[in-house]
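Student: Residues per chain, in single letters:
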Amino acid sequence: MKRNRESFVKTILAVFAVLSLVFLAGILITLLSQSLPFLGEYNFGEFLTGDQWYPTQEEFNEETGEWEEAPRFGLLPLLWASVYVTLMALIIAIPMSLGSAIFLAEIAPPWLRDVVKPIIELLAGIPSVVFGFVGMVLIGPFLKDLFDIPIGLCGLNAAIILAFMAYPTITSLAEDAITAVPNDIREASLAIGANRWETMSRVVLPAARSGIYSSIILGFGRVVGETMTVLMVAGGGTAITLNPLKPIRPMTATIALEMGEAVQGGVHYHALFMLALVLLVITLGFNLLAERIKRRSSLRAR
Amino acid sequence: MFGLCGLSVVVVFGMLLLIIVFIVIEGAGVISWDFLTEMPRDGMTAGGIMPALVGTLLLAVGAIIFALPLGVLAAIYLNEYSREGKLRRWIRMGINSLAGVPSVVFGLFGLALFVNLLDFGMSLLAGSLTLGLLVLPIIIRATEEALKTIPMSFREASLAMGATRWQTTIKVVLPAALGQILTGVILAIGRAAGETAPILFTAAVFYMRVLRVGLMEQVMALPYHIYALMTEGIHPEEQEAMAYGTALVLMVLVLLINGVAIWMRIRSRKIKKW
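Those protein sequence lines, which keep their order, are chains A and B. If you count by my numbering, then the first sequence holds residues 15 to 316, one letter each, in order. If you count by my numbering, then the second sequence holds residues 360 to 633, one letter each, in order.
Read the hints as simulated data drawn from the structure, not as lab findings. The model shown is predicted, which means the values in this text are computed figures rather than measured ones. By construction, the Cβ of each residue, glycine as well, lies at the ideal position given by its N, Cα and C atoms. One or more of the hints may lead you astray.
One-sided excerpt, in silico: chain A residues whose CB lies under 7 Å from chain B [what the hints assert, rightly or not]:
(1) Gly113
(2) Glu135
(3) Gly235
Construct the entire structure; sequences and hints are all you get.
Tutor: Here's what the structure looks like:
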């Protein structure tokens, strides 16, 4: 009797634990079901390769003599904006994060570490909309004056703010990776006459590299999915550009901006769900990649 | 080179300080008792943010009510009832993946499922459920961490006295882990209170003339209020002043919530009873 009840409890608990998987599957199925109709409404090849995103464009039809809806749903400008702004953010964040991680793991005395780490954690908790606000009122005007551009809302602005948001993730994970390197490796290096920096750069960092890679990949996944900051400060232009001072519009911002206006069940609505699906595939892919790299390295270490 | 490493911390902290001081200085002039307790007036250019404050608290509490039982029970299964194996690896992968889903995707999911399919409409209920999904991984991980710190000897002592595994979990392990679980819950509240994208299409409304509270009512929320003040409306300058005040309130609220959680964790590590 007691035994039966225990196995019953165990089954119930297992159901609750599996719910996370169910929710994940639910999200995937929902996005699929809302985006698959898009395949019938718009040429998928044009979606993947199109370089224009004009969901409400109209064209003049000469035969009927009327204006007709001719929306353009080209993924490239939005995908490009997402990747571009994320890479810029990482270029800013990685040196800062690695420097801080080395400082925390190797140099800082314990009391200082106990002060700095909670503050970094607090930084991670600041809402993205507050960061977006700061980008609009503080960094925007600053960039505008500095580079003499018409408005300060642009890719560079977004990248600076996103770098702040990637910093806590990369720093704390990279620090874990550096701390996990066994001390005898450091001592061996010092014993054969290497100085502390040589030991750090030639021995410790290479030993910690897979953990560091995985922290950067996770940072990428985090930043590419950020919505409010890029919505508020990236400027919103849909032209493909390499110029960091031009306004751009990543996928997340496009979804947030246009979902309110899209007619439910219409082609635009389905197109936005397709964007979300692309975004989800990218972020989940990077997450799994980060985990795989980390697991492989821990297997090797054993 | 090590000096440069230290410098990177100084630079980041300096900029962080700059941001905080800037918002505090600009926002402090706006904040008053009336700002916190009044309805917005005159097309968002005057009055206060009371409904947004109330809405944010309701959304965060709603999310926790939904996510806490699910999260704790899932963590109990993972740490107390399951052995290393395929199922557990899959569940872990699910939790990690869920934690990596972009917030705007949660918003679309909530829109398609709760708002449209289940026909909750844009409402406190739909927003809370969406935010609940978002914080579920946080609660599962925090609870699991908490359960892991409870020594095996606690469980063995209880089982040796003839208690079942479930009795052991409920009466011995959970009470001992309660403090740390609470830390995770507080962090989750902070996260839910600050999120904007998930409530954009599921719950949040720009303007309310009178405060209505109900599961099926739309809500105002602090994060969305900041966004709306900066991007909508027809009085950008007056609205920007209000946005400074709102941003200060939200930032202080979230930093306070997270600060309490972090402080509790540090303290509990220092005075560990076992």
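Student: With reference to the structure, classify each hint as holding or not holding.
Tutor: Okay, the hints, checked on the actual structure:
no.: 1; hint: Gly113; result: holds (3 Å)
no.: 2; hint: Glu135; result: holds (6 Å)
no.: 3; hint: Gly235; result: holds (6 Å)
When the structure is compared with the earlier hints, no violation turns up for any of them.
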